[in-house]
Amino acid sequence: MAELMAAGEEPEILFWVGCAGSYDERAQKITRDICKILHHVGIKYAVLGTEESCTGDPAKRAGNEFLFQMQAMTNIEVLNAYNIKKIVTGCPHCFNTIKNEYPGLGGSYDVIHHTQLIQDLINDGKLKAEGGESFKGRKITYHDPCYLGRANGIYEAPRKALEVLDAELVEMKRCKSNGLCCGAGGAQMFKEPEKGNKDINVERIDEALQTNPQVIAAGCPFCMTMLSDGVKLKDKEQEVKVLDIAEITARANGL
Amino acid sequence: MVSQIIFLILTLAAIALFTVNFRKIIRNIRLGKDVNRNDQPTKRFITMMRVAFGQSKMIVRPIPAILHFFVYAGFVIINIEVLEIMIDGLFGTHRVFHGLGGLYDFLIGSFEVLAFTVLLACVIFFIRRNILNMKRFKGVEMTAWPKSDANYILIIEILLMSAFLIMNAADAKLQTLGAGHYITAGSFPVSQFLIPLLPNTENALIILERSCWWFHIAGILAFLNYLPYSKHFHILFAFPNTYYSNLEPKGEFTNMASVTNEVKAMLDPSFVPAETEPGKFGAKDATDLSWVNLMNAYTCTECGRCTSVCPANITGKLLSPRKIMMDTRDRITEVGKNIDKHGVGHDDGKALLDDYISREEIWACTSCNACVEACPVNIDPLQIIMELRRFAVMEESQAPASINAMMGNIENNQAPWKYSPADRFNWAEGN
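First to last, the sequence lines map onto chains A and B. Per this note's numbering, the very first residue in the first sequence carries number 1; after that it's consecutive. Per this note's numbering, the very first residue in the second sequence carries number 1001; after that it's consecutive.
Some clues are possibly wrong.
Each pair of labels, with its calculated beta carbon distance range [to be verified]:
id	chain 1	residue 1	chain 2	residue 2	range
1	A	E192	B	P1269	49 to 57 angstroms
2	A	G153	B	K1341	44 to 52 angstroms
3	A	E168	B	S1162	52 to 60 angstroms
4	B	N1412	A	E130	41 to 49 angstroms
5	A	D166	B	F1069	56 to 64 angstroms
6	A	G153	B	P1041	20 to 28 angstroms
Sample of chain A residues facing chain B (criterion: CB under 8 angstroms; computed from the structure) [claimed, not checked]:
id	residue
7	R61
8	N96
9	F190
Quick caveat, the hints were computed from the structure, so don't treat them as lab data. Note that the structure is a prediction, hence the values are computed from the model and not measured. Glycine is no exception: its CB is placed at the ideal position from the N, C-alpha and C atoms.
Please take these sequences and the hints and turn them into a complete structure.
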């Protein structure tokens, strides 16, 4: 972003990568695929790079409002300084926080999640599913991330991205507004679970595997970790792939 | 005349007692912190009509939804009959509305059908709760009282509807006998089947008809006064509760204004925050919660839809959103009782956090909003959990060690993991 600014240019959209997308090895792949999609359709985008910083989401859900607002205000200062108007995020938690909680602190932007971007591109005819891996007839089940689904009512965008693949879309019993959490939300990602009789991600994977999928589609880097761990635990890594919507889209287009 | 006076005294006493207890609940709710929920009145009204009046969120589970609709519609419509009973009771008349003729016959007939469906639904509900052993009606919070409370409600409703139908049957038989003031009025599509079971003498029938009449109205007045002590209070509070429910996206948590001032002052030394009264961050006791949280607690009818979809509860953790609501209600009721006994400001050394809700419960939440989505009357258990977490973290610095580590990482490295901020852009170099 700093380079673009120095050249006196403004991006059409800022890609907010997020901490998982920046540091987590698995999520980094998704980040690169989102970039490939943006590049493929010729959108002029920018990233903040080292100027990006945690949105404060995990701190806020853990109850640390101080830390959240410190992060938020620092980020808002950076975003406003670059005169950012539109943001696409790679993570539903970043998406929810910037979209819903930043405006009250002085940061109002048009924020979309990457699955919404993909849906828009498909609707505008700029993105298809051709020239790459064929998903035709493959069984895909989609896991709704809580902070995209229930938290913000976005259920159709990710499904739209899968529909164009001509794949066989199968829903889990608990889906959309009734979707079961992967177990990572509310800062659970960063702690051991409380005492119980099962891990939440295992409960979810059991349900996902009941649909006999070849691909479990995700839209959140935290869900990705939880679901991948679950598949690993069930020793199904060979038969079942956990892929982000962005990865599936990039693959289908041979990017 | 004597019976009219007894009726008047009974009715007035019941209304007076209910008013006293109702006002106590309102007072208790007002112990909560202020929060503005007076914006967007049209949207709020529509939400109330859709969710409370239209029962839109019940449909998710069709069987209980249909049964519940029978009871709901039956109870609301049959209450028109109560108006007639009131007038008859006060003025010594009998079936005062019979002048409506055909319409009256139609009304009484439909009341009978509704009474029967209410009765049937309550019997099925009773079987579901006590014989079918459904998981939703169990759990740590479903102790002796909540279980009895649910059964009392069902039994009272079954008895009230039975009395109504037997009363009509006796009346119908008296009408055919041409007894006294029992003028021919009403139609009896359900109670006609009870007539053969009734005694044949006029005296016995009159005693039966009168006892059922008195039992029915006295039962309704008693039930009214049972409401403030019961989960059944939802029949009243479902309406304001949905009206004042959160209209923002569920993922949006409130930004604490008190914190904003401090953070602004920290980032910009020249910023002078407006004087605000010092309060604590988050909630330790029920009185630290907002009045909406407390109204939620009084509205909860302990159906357990929240708990049955909670990922933590499903996987055997201690957390149960229903328990959060029940604990909040129990605690604020206790605080209210303390005020009645000792006056305002009495400290009983107890609090919602730790004495009712444990740390283990609040830290098991994934903030997934499934409980909020599931509640048929828009109760928000998540907000209470978050307020308790805020207190634990900001007032006590008592979070699980790994959460503290995560927050330390954000402070030092601007990411929840221990990576160097300088490496944040390294993803661009991989393949």
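Okay, the hints, checked on the actual structure:
1. For E192(A) and P1269(B), the Cβ-Cβ distance of about 40 angstroms falls outside the hinted range of 49 to 57 angstroms, so the restraint is violated.
2. With their beta carbons about 47 angstroms apart, G153(A) and K1341(B) fall inside the hinted range of 44 to 52 angstroms.
3. At roughly 54 angstroms, the beta carbons of E168(A) and S1162(B) sit within the given window of 52 to 60 angstroms.
4. The hinted window of 41 to 49 angstroms between N1412(B) and E130(A) holds, with their beta carbons roughly 46 angstroms apart.
5. Distance hint check for D166(A) and F1069(B): the Cβ-Cβ separation is about 42 angstroms, which falls outside the suggested range of 56 to 64 angstroms.
6. A beta carbon spacing of about 22 angstroms between G153(A) and P1041(B) agrees with the range 20 to 28 angstroms that was offered as a hint.
7. Using the Cβ-Cβ criterion of 8 angstroms, the hint placing R61(A) at the interface with chain B is satisfied: the shortest such distance is roughly 5 angstroms.
8. With a cut of 8 angstroms, the hint placing N96(A) at the interface with chain B holds, because the nearest CB-to-CB distance is about 4 angstroms.
9. At its closest, the beta carbon of F190(A) sits 4 angstroms from a beta carbon of chain B; the interface hint therefore holds under the 8 angstroms criterion.
Going through the hint list in order, the structure does not satisfy hints 1, 5.
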